[in-house]
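Participant: The lines below spell out each chain.
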Amino acid sequence: QKEVEQDPGPLSVPEGAIVSLNCTYSNSAFQYFMWYRQYSRKGPELLMYTYSSGNKEDGRFTAQVDKSSKYISLFIRDSQPSDSATYLCAMSAAGGGADGLTFGKGTHLIIQP
Amino acid sequence: KAGVTQTPRYLIKTRGQQVTLSCSPISGHRSVSWYQQTPGQGLQFLFEYFSETQRNKGNFPGRFSGRQFSNSRSEMNVSTLELGDSALYLCASSSRQRALSYNEQFFGPGTRLTVL
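So the sequence lines, in the order shown, correspond to chains X and Y.
When the letters of the first sequence are read in order and numbered with this note's numbering, they come out as residues 1 to 113.
When the letters of the second sequence are read in order and numbered with this note's numbering, they come out as residues 1 to 116.
Any given hint could be a false lead.
To give an idea of the chain Y side of the interface with chain X (calculated C-beta under 10 Å), a few residues [as the list claims (entries may be wrong)]:
| id | residue |
| --- | --- |
| 1 | G3 |
| 2 | P8 |
| 3 | Q37 |
| 4 | P39 |
| 5 | Q41 |
| 6 | L43 |
| 7 | Q44 |
| 8 | R55 |
| 9 | G58 |
| 10 | E82 |
| 11 | L83 |
| 12 | S86 |
| 13 | C91 |
| 14 | Y102 |
Just so you know, these hints were derived from the structure itself, not from any lab.
Just so you know, even glycine gets a beta-carbon here, dropped at the ideal spot from N, CA and C.
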């Protein structure tokens with residue numbers, strides 16, 4: 001079993017829909033939880049990070065962490081075609097990623113105009 | 001502020017050769033991490049350098065090595081290349097100013113290595 005499981009998709013939704021992306025993990029030492037977005041031929045860029053359990057909102061994006069279930073989610077409201085990309089969840093026990101970030105394989109998201 | 005730069009962007013090598021990839025972090029960042037991204041395994045941590053010292057290492061064979069220079073630039077070397085080493089190699093820089101709290105990692109565009 002991989003440390004972090006993420007459905008690779010592809011996930012295709014119409015423009016304006018609410019998108020839900022999820023990851024599960026097995027390592028209870030993870031304290032920092034991140035969502036990255038990666039466009040084709042680009043490096044990942046950070047969307048949001050959350051420390052421990054709880055919710056965090058930034059514009060159209062909401063991240064949720066449930067450490068008791070070892071489950072994290074990213075919600076995208078009012079999805080746009082420009083949101084089409086691969087979304088990667090990442091986790092670490094140390095904040096600076098000094099122990100290295102552990103990534104899910106990524107979910108390929110397609111927003112249909 | 002310039003982002004993380006990686007050179008070269010694309011590279012083609014044959015089995016058995018060795019390769020060196022370069023990463024220049026964001027100005028002021030002293031931590032550089034390297035990752036390998038493949039369709040099968042996703043993004044996997046290779047190692048992290050901070051102040052010219054390797055601080056942590058992922059689960060990769062000794063053919064993968066790296067170093068960091070006094071200006072924080074880093075190089076990654078892969079010796080005796082295998083077909084399975086074909087991947088996108090990403091480096092990420094961080095200020096790592098706060099040891100016990102979150103320090104964002106900024107990724108470069110990657111070097112696409114193809115081993116024939």
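Participant: Hint by hint, say whether it matches the structure.
Facilitator: Hint-by-hint comparison with the structure:
About 9 Å separates the beta-carbon of G3/Y from the nearest beta-carbon of chain X, less than 10 Å, and the hint is met. Residue-level restraint check for P8/Y is violated (minimum Cβ-Cβ distance to chain X is 14 Å; threshold 10 Å). The criterion of a C-beta within 10 Å of any C-beta in chain X is met by Q37/Y, whose closest approach is roughly 9 Å, and the hint holds. About 9 Å separates the beta-carbon of P39/Y from the nearest beta-carbon of chain X, less than 10 Å, and the hint is met.
Proximity of Q41/Y to chain X holds as hinted, the smallest CB-CB distance being about 8 Å (cut-off 10 Å). A cut of 10 Å between beta carbons decides the hint on L43/Y: the least distance to chain X is about 4 Å, and the hint holds. Checking Q44/Y against chain X by beta carbon gives a least distance of about 8 Å; that is within 10 Å, so the hint holds. With its C-beta approaching chain X no nearer than about 6 Å, R55/Y sits inside the 10 Å limit, and its interface hint holds.
With a least beta-carbon distance of about 6 Å to chain X, the hint placing G58/Y at the interface is held under the 10 Å criterion. Interface restraint check: E82/Y against chain X, minimum CB-CB distance 21 Å, threshold 10 Å, status violated. Nearest Cβ of chain X to the Cβ of L83/Y: about 21 Å, over the 10 Å cut. The hint is violated. The beta carbon of S86/Y is not positioned within 10 Å of any beta carbon in chain X (closest approach about 16 Å), and the interface hint is therefore violated.
The interface hint given for C91/Y is met, as the beta carbon of that residue sits about 9 Å from the closest beta carbon of chain X, less than 10 Å. Given the 10 Å rule on beta carbons, the hint for Y102/Y holds: about 4 Å separates it from the nearest Cβ of chain X.
Checked against the numbered hints given earlier, the structure breaks hints 2, 10, 11, 12 and satisfies all the rest.
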